[in-house]
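Student: Each chain is listed here by its residues.
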Amino acid sequence: MMGFRDFDVIVVGAGHSGCESVHISSKMGMRTILITLNLDTIAQMSCNPAIGGLAKGHLVREIDALGGIMGTLADETGIQFRLLNQSRGYAVQAPRAQCDKVKYRISMKNFLEKVENLKIYQGEVVDVLIHRKKAVGVRLREGIEITGNCVIISPGTFLNGLIHIGLNSYPAGRANEPPSIQLSRSLENLGFKLGRLKTGTPMRLNKRTINWDVFEPQEGDENPTPFSFRTEKKLRNEIKCYIGYTNKKVHEIIRKNLDKSPLYSGKIIGIGPRYCPSIEDKVVKFPHKERHQFFLEPEGLDTNEIYVNGISSSLPVEVQTEILKNIEGLENAEIVRPAYGIEYDFVNPQQIKHSLETIEIENLFFAGQINGTSGYEEAAAQGIMAGINTSLKIMKKEPFILRRDEAYMGVLLDDLIRRGVDEPYRLFTSRAEHRLMLRIDNADERLMKYSLKYGLIEKDVIEKFLERKKKLKKIIDMLKKEKIYLEEKKEKISLEQYLKNPSINFKCILKYIPDKNEIMNLKEEEIKYIEAEIKYSGYIEKEKKEIKKLLKEYSKKIPDGLNFDNVSGLSKEIVEKLKKFKPLTLGEASNIPGMTPAALKILAIYIHLIQQKANEANN
Amino acid sequence: MKNNDTIIAISTPYGRGGIGIVRVSGNSSLSIIKKIFIPVKGWDDLKPREIFTGFIIDPEKHIKIHKALVTYFKAPRSYTGEDVVEISCFSSPPILNYVLLLGIKSGARLAEPGEFTQRAFLNGKIDLLQAEAINDLIMSNTLKQALVSFTQSEGFLSKKIEAIKKKLIDIISSVEASIEFPDENLEINWDLYGLWIKQLIEDISKMLETFEYGKLLKEGFSLSITGKPNVGKSTLFNSLLKEERAIVTQFPGTTRDYIRETILINDIPCSLIDTAGIEKSNNAIDIESIKKGEEIIKKSDGILLIFDLSKRVSKKDYEIIDKVKNKNMIIVFNKMDLPRKLETEKIIKILDGRPSVEISAKLRANLNQLENLINNFFVSEIKESEFILNLRQKQVLEEVLKFLEKGFDFFENGYREEIIIEELKGAMNSLGKLTGEIKVEEIINNIFQNFCVGK
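In order, the protein sequences belong to chains A and B.
Numbering-wise (our numbering), the first sequence opens with residue 1 and increments by one.
Numbering-wise (our numbering), the second sequence opens with residue 620 and increments by one.
Derived by calculation from the structure, the hints in this document are not laboratory data.
There could be a bad hint or two in this list.
Said to hold, decoys possible - Within a straight-line C-alpha distance of at most 25 Å, the following computed SDA-like cross-link-like pairs (lysine to any residue) qualify:
#1 B:960 / B:975
#2 A:240 / A:336
#3 A:103 / A:178
#4 A:289 / B:1072
#5 B:1058 / A:423
#6 A:545 / A:605
#7 A:353 / A:404
#8 B:744 / A:616
#9 A:542 / B:1015
#10 A:193 / B:810
#11 B:861 / B:983
#12 B:1025 / A:405
#13 A:544 / A:601
#14 A:289 / B:810
#15 A:500 / B:1022
#16 A:481 / A:517
#17 A:473 / B:1060
Start from the sequences and build out the full structure, keeping to the hints where you can.
Tutor: What follows is the structure, encoded as structure tokens:
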């Protein structure tokens, strides 16, 4: 039979997850193949023409610090840049960019085509090949078999996708693009428990049919903040977005037509995201709100398509038209692509490990929307982690698992695995217990050491960054040493102390710094780093201490060959899990899905007792 | 695991009646118990596993709190394998809490739930099967455990705590919504939230006062027995104690140094004080003792003013009445067993509105009525307080308060929202020790319930 043999990593799906997977595994020297349903839609942005936002922008920075591509591409194809929450503290600021959709996907394709060790192939995967409970390859619709060491599945909404517009529905992964139905069955046959989720996308309008004068423009930042640490070129805002509002009349139309909504007629069974409600959801759940905000966002520079951010819907096209007719400025707006809702299959992520490898089938990895997440950035984050972990697995190395205090990526994966998913999962900064430590200005410091360890970014590039960070640390040390006399308080305090005052920023202390050479050419973001490190220092120190304590506990080894049956007090379920996962340390045990703090404590005490007895015997 | 610290906890179920046990375990168990307990026979013939009778004392105030039995278990022949002392006393929550507090003041640490079992397990005294209670160790930090064994009055507390939790979650989720969805331009009503935080601080401070109040209960509300000489103060004192333990003597010098004993009135400890009779004297010692007596009366929460039914009203009676007329008091007409000469209506008229009762202290007649009066007049008023915090609840609320105060301070000094929130989340996490872990999902759910966010 015709086929391709002996790949290291096989990646199914070329969305934001798949692209990061193949790039990083190729970089790590793995012979990689990327299989996509359509070579022309690699890295297609299915929904909004934007990357970043709160927590998401943080993720992009982290992906970038691990050598990922999303950040550089977003900078390259961005047409409007905004740093969100500039009036707030640095821990909750994050970049967001409107991107040129077409450029983004073409750039990604061009980029991947140049990657060494990577083969790109168009085809539909219908089956995962299994040998002795291990994944060994995939089969395409035309019968071709592709074999390799590890398989990453990242099909996005294509996994048994079903589009709804009004009470009409048709199988699709994106409007008018056929879904992957057989793959879903194949996964089910392998024993995975699948669930159903729902999401949606708003209509696109013809730019020339909108009366722009009535909308309030939203400009980009004067000094755009890039996503990537490696972006050096000055970013430019090419477009404006515009803000508009719905009204009572529109809400009335929606209420009148709810019987035509697949969501409210019970046709859609999948659970939708609460943070991305359709306009019908907003109207029903908040009946007293007189208007809802929406944004008009250009999909790119070479297109007339305008994305209506805020009016996602699965109402029939005629109702969508009726809605627009009643909004000032959109009276004559032409829909060029209708809004729709889409249901798709996902695998509850409690069936995977922190490395993204499935529990049941070795060498099979799931990444992206299949794990119940939504969002380009969440997908990309999983993609890069899956890419790194397949490579490590093939190299017979320990998996790369980020902790919750190290990265938003750690929070994301830990949430998925520990809690599972009952609605499309989106990252929020408030999900992170150590938010003040997980900032965009220190993502490099947090993660580049791993890039160095695993060879994800060229050594000289990393060293340049680490050198720079060292310099910043030196400045912080200097601020701790330099003292000034405060007239109003009649006391001498360090510049560091002075800077902790909420009304004092770096500019205020410039005049006190004796050696101005040290602070020459500091970038704005580097100043932010210095300020954040100092203003949050109390919290950071406290959290670091707690983490150290926890790590010490987690580093405790579980004795070789420990019979978990002998540990009474553990539930049968936990004992079975321990037997299956064979954790080497308490930390590893803590990562087992469904592990409870109580069980962990019992295990810790048991191990302690065994060691104590062993010590006594030795004495 | 060698534990250097000594732990203490109430190890019997919370509630009234029967015997309550406070258990101390660790190297300093014995030295701690020596600070807070006086055995009747003295410490010299202390033998492990023998029961010692004696009194719990407050080393700071030098007062006897309660009769108690103490048993010493020498390591390793004890439940935990360490030196263990068990204090058995009347199972009244206020008394047990007080003993606990004394132990902590004397150097013990409040045990974590299940810690005795944990130590027993670590010292090889029990196997894991027996130690399944360790599950409780971890589970007990939840609302359920806190509530299950608690009396109905605890329902008030949990309602209060739920109200605090709700306010906290409302503030946090409002701020988080505004942070997470910057494009929605959600205004944070800091003016209101500032008030809320301040209110929470006040509420919790008040709740903490109930612990102080409870402590007051534990130390006994004090009741001085007063009246002219020979009206039967000491006899009443002994009668109320239900045993002939107080020193009854004809010599005035004895009562000069007043006697204090704790009795339980409806399970609330009452510190009963036998004062010197108030009588004019030129004797320096007498003057001193009278002065002291007056001071005690002044400080005590109430008095039992005794009159002798067998004698006519005298000038001295009026003098005494004049001195104490502003105190909370119960009028006690004693010696009802003797021929009646006292014009009680005259006294009742002057002390209008004060409850009175006729008794015979000697024959212990009508003592129940007196006790009921004391209960109604002094105790039931106190019981109107909806709840009393136990030590753990108090410590948790103190933690919560600390976070809130810091958060409020940051708010007032113009700190950034994410820092203020850090403190409020700290408060929320601490509160979780009473309500069960408050998960971030609760915040996120609240955001989506209250704000139309997302696009």
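Student: Output the indices of the hints that this structure fails to meet, ascending.
Tutor: 10 and 17
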